[in-house]
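With the hints as your guide, set chain B onto chain A.
Protein chains: 2
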Amino acid sequence: KITELILNRTNKSKPLIGKQVVVTAGPTRERIDPVRYVSNFSSGKMGFAMAKAAAELGANVTLVAGPVGLATPPGVTRIDVESAAEMLEAVEKRFSTTDLLIKTAAVADYKPKHPADQKVKKQQGDTSLEMERTTDILATMGAAKTHQIIIGFAAETNDVEAYADAKRQKKNADYIIANDVTQPGVGFGTDTNKVVMFSSEGKVDFPMLAKDQLATELLQHIVKQEGWHS
Amino acid sequence: KITELILNRTNKSKPLIGKQVVVTAGPTRERIDPVRYVSNFSSGKMGFAMAKAAAELGANVTLVAGPVGLATPPGVTRIDVESAAEMLEAVEKRFSTTDLLIKTAAVADYKPKHPADQKVKKQQGDTSLEMERTTDILATMGAAKTHQIIIGFAAETNDVEAYADAKRQKKNADYIIANDVTQPGVGFGTDTNKVVMFSSEGKVDFPMLAKDQLATELLQHIVKQEGWHS
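Protein chains in written order, with the numbering used here: chain A, 958 to 1187; chain B, 958 to 1187.
Only chain A is shown next, with the shape it has when bound in the complex (with noise of 0.2 angstroms):
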């Protein structure tokens, strides 16, 4: 009897078991040449959360990581990439039998157009480094969605509520989870963060939360609201 309460008990508390997880997490670096490259601030610290989160909960979880020095969730499995198109490529590898996509990387919205092979040399007076558009990879997984439930982040710095529900949209997306990178506490490099979470039922506040608290908040929320809590 004690064994089967525990049983429950702790089934109840995996609502996730059986399900394939996905999530992208940290920066992507886009070559300039050898040696240089843009990239951003992502620390990676929400997704790792996110994937700890949903291990916790029960998933099979694989993390696809950009550049980034933080160790790996217990139970999940870690793919590591560098650029856009290599984190496009792991994810679309895997979509068919993904059940959650859990897009958290900031992705590099641009890449230099023509990456040098050799270290360019610096040149006296101005440049100009011309750029072309990545791969959307939440529009794409988007317009690809059979049966995938897909969760897309936005970091914004100026009317995020707007710019949020608008992305949700466009990309097909069941789920956005907004914040606000200018505020204390918030986005980029933090512990901590507070987020808004917009989804076909409307809009939901969390509170300022630890990331790893926050990320079992944010799942919780959408098991009960996919009806996967049985």
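Hints should not be assumed to be uniformly reliable.
Repeated chains share a single entry, so a pair holds when one copy, or any two copies, can fit it.
[Stated by the list, open to error] List time: in silico SDA-like cross-link candidates among lysine to any residue, alpha-carbon distance up to 20 angstroms: (1) 1070 / 1084; (2) 1078 / 1139; (3) 1070 / 1083; (4) 1128 / 988; (5) 1078 / 1115; (6) 1127 / 1077; (7) 1079 / 1139; (8) 1050 / 1040; (9) 1050 / 1092; (10) 1079 / 1119; (11) 1079 / 1127; (12) 1050 / 1149; (13) 1078 / 1128; (14) 1076 / 1141; (15) 1079 / 998; (16) 976 / 1056; (17) 1070 / 1087; (18) 1168 / 974; (19) 1070 / 1085; (20) 1076 / 1129; (21) 1078 / 998; (22) 1151 / 1166; (23) 1076 / 1118; (24) 971 / 1070; (25) 1151 / 991; (26) 1079 / 1123; (27) 1070 / 1089; (28) 1124 / 1075.
Treat the hints as calculated values from the structure; they're not laboratory data.
Predicted model, so just to flag it, every value in this text is computed and none were measured.
Same frame as chain A, but now just chain B:
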């Protein structure tokens, strides 16, 4: 007598006692907007090794470090900076009292000309990032030199030796330590390095060594050439 012997040996192995050494290390980051930047693959390992070796040889060491996740060597004063401009400022401020400036950092040659206050929203199609030159720290300090000994590093991907000695003369550096970062085990991110040192007395080849060991060998060579071992 035994005490005397030990003291002698200790002093002999600390030829940089009384010297003020400033080491720059790591990459710099030049902001495009609040979340995006241009940087390079410098790991900071060679610079941190130089700082550690200089401290072990008795110097009073200040390490001006770009954004890297490395531990500060024992006894070293660390100043963290982000951009080329901040690194220059930290070096200039200490220059009048510096005896030996070791410029290991891979400082950005260019920075975005018009960094944005808000995250730049992506647009359809290509774009172009206007870049302007940063101030050349090595050349600036070379021009300002009074009594200081200046060591520059050159990470090249082609024609290493030709570029390196030209760099030494043009920038009024005393030593240029050059490596070919395209070789396996050499340069950015590796734990080993293989370099050639250029000075007014010609060229010295060093074997492939662990960065810590190489740093000590390089400094011992410089100590000898400068007549600092009393």
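Here is what the structure says about each hint:
{"no.": "1", "hint": "1070 / 1084", "in the structure": "both (14 angstroms within a copy, 9 angstroms between copies)"}
{"no.": "2", "hint": "1078 / 1139", "in the structure": "between (35 angstroms within a copy, 15 angstroms between copies)"}
{"no.": "3", "hint": "1070 / 1083", "in the structure": "both (18 angstroms within a copy, 8 angstroms between copies)"}
{"no.": "4", "hint": "1128 / 988", "in the structure": "neither (27 angstroms within a copy, 28 angstroms between copies)"}
{"no.": "5", "hint": "1078 / 1115", "in the structure": "between (37 angstroms within a copy, 10 angstroms between copies)"}
{"no.": "6", "hint": "1127 / 1077", "in the structure": "between (38 angstroms within a copy, 19 angstroms between copies)"}
{"no.": "7", "hint": "1079 / 1139", "in the structure": "between (34 angstroms within a copy, 18 angstroms between copies)"}
{"no.": "8", "hint": "1050 / 1040", "in the structure": "within (16 angstroms within a copy, 38 angstroms between copies)"}
{"no.": "9", "hint": "1050 / 1092", "in the structure": "within (15 angstroms within a copy, 45 angstroms between copies)"}
{"no.": "10", "hint": "1079 / 1119", "in the structure": "between (42 angstroms within a copy, 16 angstroms between copies)"}
{"no.": "11", "hint": "1079 / 1127", "in the structure": "between (41 angstroms within a copy, 14 angstroms between copies)"}
{"no.": "12", "hint": "1050 / 1149", "in the structure": "neither (32 angstroms within a copy, 35 angstroms between copies)"}
{"no.": "13", "hint": "1078 / 1128", "in the structure": "between (40 angstroms within a copy, 15 angstroms between copies)"}
{"no.": "14", "hint": "1076 / 1141", "in the structure": "between (38 angstroms within a copy, 16 angstroms between copies)"}
{"no.": "15", "hint": "1079 / 998", "in the structure": "between (25 angstroms within a copy, 17 angstroms between copies)"}
{"no.": "16", "hint": "976 / 1056", "in the structure": "within (6 angstroms within a copy, 62 angstroms between copies)"}
{"no.": "17", "hint": "1070 / 1087", "in the structure": "both (6 angstroms within a copy, 14 angstroms between copies)"}
{"no.": "18", "hint": "1168 / 974", "in the structure": "neither (22 angstroms within a copy, 47 angstroms between copies)"}
{"no.": "19", "hint": "1070 / 1085", "in the structure": "both (11 angstroms within a copy, 9 angstroms between copies)"}
{"no.": "20", "hint": "1076 / 1129", "in the structure": "neither (40 angstroms within a copy, 23 angstroms between copies)"}
{"no.": "21", "hint": "1078 / 998", "in the structure": "between (26 angstroms within a copy, 16 angstroms between copies)"}
{"no.": "22", "hint": "1151 / 1166", "in the structure": "within (6 angstroms within a copy, 47 angstroms between copies)"}
{"no.": "23", "hint": "1076 / 1118", "in the structure": "between (41 angstroms within a copy, 15 angstroms between copies)"}
{"no.": "24", "hint": "971 / 1070", "in the structure": "neither (45 angstroms within a copy, 51 angstroms between copies)"}
{"no.": "25", "hint": "1151 / 991", "in the structure": "between (37 angstroms within a copy, 18 angstroms between copies)"}
{"no.": "26", "hint": "1079 / 1123", "in the structure": "between (42 angstroms within a copy, 14 angstroms between copies)"}
{"no.": "27", "hint": "1070 / 1089", "in the structure": "both (5 angstroms within a copy, 19 angstroms between copies)"}
{"no.": "28", "hint": "1124 / 1075", "in the structure": "between (38 angstroms within a copy, 18 angstroms between copies)"}
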